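These protein sequence lines map, in sequence, to chains P and Y.
Numbered per my numbering, the first sequence finishes at 505, counting up by one with no gaps.
Numbered per my numbering, the second sequence finishes at 202, counting up by one with no gaps.
One should not assume that every hint holds.
[What the hints assert, rightly or not] Quick list of in silico lysine-lysine cross-link-like pairs, DSSO-like style, CA-CA up to 27 Å:
#1 Y:Lys87 with Y:Lys133
#2 Y:Lys182 with P:Lys133
#3 P:Lys135 with Y:Lys133
#4 P:Lys135 with Y:Lys183
#5 P:Lys37 with P:Lys381
#6 Y:Lys151 with Y:Lys87
#7 P:Lys37 with P:Lys233
#8 Y:Lys87 with P:Lys430
#9 P:Lys293 with P:Lys381
#10 P:Lys37 with P:Lys293
#11 P:Lys233 with P:Lys293
#12 Y:Lys82 with Y:Lys133
#13 P:Lys133 with Y:Lys183
[Claimed, not checked] Just a sample of chain P residues kept apart from chain Y, beta carbon distances all over 12 Å, derived:
#14 Thr19
#15 Trp125
#16 Gln322
#17 Asp328
#18 Arg331
#19 Val336
#20 Gly348
#21 His401
#22 Val435
#23 Tyr442
Keep in mind the hints are simulated off the structure, nothing from the lab.
In this text, all values refer to a predicted model and were calculated from it rather than measured experimentally.
The beta carbon of each residue, even a glycine, is placed where N, CA and C say it ideally should be.
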Amino acid sequence: MTEGIPTWLFYTGSGLVMTASFLLVALYLRMQPAAPKGYATFDLMRVPWLRRPLRSAMLKFFVRLTVVALFVLIILTGLYGTRYAGANLSTILSWTIWWILLVLLIAFLGKAWCYLCPWDAISCWAERLSFWKVKREGLSLNLRWPRRLRNIYLAVILFLFLTWLELGWGVTRRPEVTAYLGLLILFLAFFAAFVFERRAFCRYACLVGRISGMYALFSSLEIRARDREVCRKGCQTRDCLHGNERGYPCPTFQYLGSMEKNTYCIFCGECLRTCPHDNVAVNVRFFGQDLVKTGRTRFDEAAMVIVMLALTTFHGITMIPQWYDVVDGLRALLHVAYLPAFTIGMFGILAALVLLYLGFIRLSLAVVAQRSPGFRRLAVKYSYAFLPIALFYHLAHNSTHFSVEAAALVPALSDPFGWGWNLFGTANVKAGILVPMGALWYLQVGLIVVGHVWALYVAHRIAVQEFEGHGSTFRSQLPMLLAMIAYSTLSLWITAQPMEMRTAM
Amino acid sequence: MMALWRPGRVAVAALALALAAGGDARPAAAHSEPVVARVTVQPAEPAPREEVRVTVLLTGERSGMPLLGAEVTVAGDMPAHKMAPVKAALLRGATRNEHVGSLSFTMTGSWEVTVNVLHQGERDEASFDMEVKPSTSQRDPGPATRSFALKFTAGSSSYPGVVLIGSILVMVVTVEAAWFNKKSREARRRRGRPAGSSPARP
C-alpha cells in the first residue's frame with residue numbers, strides 16, 4: 001500500500017479547483033467571445049541536423065528493431081521467466097515502464113509511440129518483405145476495411161477488454177498472460193496487415209493507437225502541411241495519400257491538405273518522404289491546440305473520450321481499499337465469484353459515470369433559453385473538454401506508480417527471467433522510491449488542478465462555438481463547470497486514499 | 001530480402017528457429033517444480049535470551065531457481081507450557097529469495113519452530129524442533145540447516161515452447177500463403193498478356 005495525499009492537501013487541492021473555476025468564470029463573464037486564433041509553431045524540419053533523421057526510413061528501421069528486440073525479450077521472459085510479476089522483466093517493462101510512460105510520451109511527443117510500435121513494425125516487415133526500401137506491392141490481399149467498422153468502436157471495445165483483463169484478471173501480476181496479450185495484439189495487427197489495405201488496424205482498431213490518438217490532441221508535437229494551399233491548389237498527385245517511389249501512402253488514409261488534428265496521424269514519417277513540394281512540417285507547438293479548434297468531431301471519438309475518462313477513474317478506484325468492500329458486498333449480495341462481481345462493479349461504475357455526464361449535458365441544454373445545438377451534438381462536442389481532465393489525472397495516477405515501482409527495473413535488468421542471474425551486478429539491488437512521497441503529493445495535486453483549468457478553458461471555447469450570445473454561452477457552461485469540479489474533486493479524493501501497487505512490489 | 005525469401009526454405013528455417021527458441025534449453029523440470037525452504041539457524045542450540053539468527057532460502061527443488069516475492073515469518077512455541085509464542089517477520093537478505101531475521105527463546109527446553117511462507121496469496125508452513133539449553137551447558141554453535149518441501153511451485157507458464165512455436169509457425173504460414181497467393185496472381189496476369197509483350201516487373 002502506498003500512502004495517499006494528506007487530508008489537508010486534499011482540501012487545499014479542492015479549494016484550488018473551486019477558486020480556479022470561479023476565477024475563470026468571472027473572467028469569461030467580462031470577456032467577449034472570440035474565435036480561436038492561429039498558434040505559434042516551430043518546424044523541426046527547418047533544423048538541418050534533424051531534417052535527415054526525421055525523413056530516414058533506415059533510421060526508423062533500426063529504432064524499431066531495438067523496440068522489437070525488447071518486445072521479443074518481453075515475450076520470452078513472460079513465457080519462461082518467474083511467475084512473480086515483481087521480478088519478471090515482462091511485467092515490469094510492460095506495465096510499470098511502458099504503459100505508464102506512454103501517457104507522458106503522448107503529452108509531449110504525440111503519436112511518437114506509433115513510430116516505435118513493434119506490432120506494426122513486425123507486420124510491416126512481413127507484409128512488405130522489406131525493411132526500409134519502398135515496394136509498391138506487398139503480400140496483402142488489400143481488401144477494404146468493412147464499412148460498418150470504419151469507426152473506432154472496435155478500439156473502444158478492446159480498451160474495455162484490456163482494462164477488464166488488467167484489473168479484473170490481474171494481467172499486470174501475471175507475466176505469462178502479459179506475454180499472451182502481447183502476442184494477441186501482434187496477431188491482430190499481423191493478420192489485418194495481410195488482409196486489409198494499408199494499416200487499417202492502426203487506423204480503426206488499435207486500442208493503443210486510438211487512445212494515444214485522442215490524448216495526442218493535447219500534445220506539443222504535430223505533423224502538418226506547411227501551407228495547405230500548396231496541397232489543395234499546387235499539388236495534383238497527392239503523393240502523401242497515394243505514395244510514390246520515395247515512400248508509402250499514408251497508412252491511415254490522411255491527406256495533408258485537410259488534416260488538422262493529430263488523432264489519426266501515426267507519425268510514420270511517410271509524408272515527409274513522399275511530398276514532392278517539401279511542404280510537410282514537424283511542428284513543436286504549445287499544448288492542447290487541437291482541442292480548441294473548430295474542427296470536425298465524431299460520435300465514436302466522443303465515446304472513446306468518455307470511456308477513457310471513466311476507465312481512468314475506475315483504474316484509480318480499483319486500487320483503493322474501499323473497492324474491495326464494494327466487490328465483497330456485490331459477492332455477498334449476488335452470491336457470485338470474484339470475477340463476475342468485479343465485472344458487474346466495473347460496468348456499473350462506467351455506466352454511472354457516463355450517465356452522470358449525459359445528465360450534465362441535459363442540464364446544460366435546459367438552462368439555455370435559445371435554440372440549442374441538440375443533445376447528441378453537445379454531448380459529442382463537450383466530451384473533448386474532458387480530455388485534459390482524463391489526461392492529467394492519468395499522469396497524476398501514473399506518477400505514483402512510476403515513482404514507487406520503476407526501480408524494480410534495476411534488479412530485473414540483471415535477472416530478467418528471475419532465474420537467479422546477475423548479468424550487470426544489480427540483481428540484488430533493493431528497489432526504492434524514486435521521488436519522495438511529499439514531492440509526489442504536490443505533483444499529483446498540481447497536475448489535477450492544471451487539467452481542471454485546461455478543461456474549463458476548452459469547455460469555454462466549445463460553448464463559444466455552439467451557443468449564440470454571451471448569456472447563453474455563459475449559462476450553458478455552468479453545468480459543465482459543476483461536472484468538472486465534481487470530477488476533479490473525485491480525482492483528488494482517490495489520490496488521498498492509500499493505493500495498492502499493480503505489480504505487487 | 002526478397003532473394004532470401006523462397007517458399008519452403010523459409011518455413012524450414014522458421015521451424016528450426018522456433019524449435020530452438022521454444023525448445024527447452026533448461027531442464028524440463030525447471031518449468032514448474034516444487035519449492036524447497038532451506039532454513040538455517042545459528043547457533044544450533046541457543047541459550048535462553050540468546051539471539052538466534054534465522055535464514056530462510058526459497059528455491060526450486062532441482063534447478064535451484066529462486067522463489068521470489070514471498071513473505072516469511074517464523075515463530076517458536078512450547079505447546080506443552082501453554083505460553084505465548086515468540087515471533088519474527090523475516091526481512092529480505094542478500095538475495096531476493098533469502099529472508100533473514102532473529103528469534104530469542106525465553107526458556108530452556110524443546111521448542112517447536114514454525115516457518116510460515118506466504119506467496120501470491122497462498123500460505124504454507126514447515127516445523128522443526130529446536131533444543132534451548134542452559135547457557136552453562138555444552139552447546140552446538142551451529143549453523144544447522146534443514147530443508148522442507150513446500151506446496152508452491154517455482155517456474156514459468158505451462159507450455160511456453162508450444163506457445164512460442166505455435167506463434168512463429170502461424171505467422172510464417174500466413175506469410176507463405178500470402179506469398180503463394182501473390183505469385184499465382186502474377187502468373188495469372190502474365191498468362192493473360194498478349195504474345196511478345198514484356199513480362200511484368202516483379
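Hint check:
| no. | hint | verdict |
| --- | --- | --- |
| 1 | Y:Lys87 with Y:Lys133 | holds, 19 Å |
| 2 | Y:Lys182 with P:Lys133 | holds, 19 Å |
| 3 | P:Lys135 with Y:Lys133 | violated, 84 Å |
| 4 | P:Lys135 with Y:Lys183 | holds, 15 Å |
| 5 | P:Lys37 with P:Lys381 | holds, 19 Å |
| 6 | Y:Lys151 with Y:Lys87 | holds, 22 Å |
| 7 | P:Lys37 with P:Lys233 | holds, 24 Å |
| 8 | Y:Lys87 with P:Lys430 | holds, 25 Å |
| 9 | P:Lys293 with P:Lys381 | holds, 11 Å |
| 10 | P:Lys37 with P:Lys293 | holds, 9 Å |
| 11 | P:Lys233 with P:Lys293 | holds, 23 Å |
| 12 | Y:Lys82 with Y:Lys133 | holds, 19 Å |
| 13 | P:Lys133 with Y:Lys183 | holds, 20 Å |
| 14 | Thr19 | holds, 45 Å |
| 15 | Trp125 | violated, 8 Å |
| 16 | Gln322 | holds, 20 Å |
| 17 | Asp328 | holds, 15 Å |
| 18 | Arg331 | holds, 16 Å |
| 19 | Val336 | holds, 19 Å |
| 20 | Gly348 | holds, 25 Å |
| 21 | His401 | holds, 18 Å |
| 22 | Val435 | holds, 22 Å |
| 23 | Tyr442 | holds, 31 Å |
In terms of the numbered hints stated before, the structure departs from hints 3 and 15, listed from lowest to highest.
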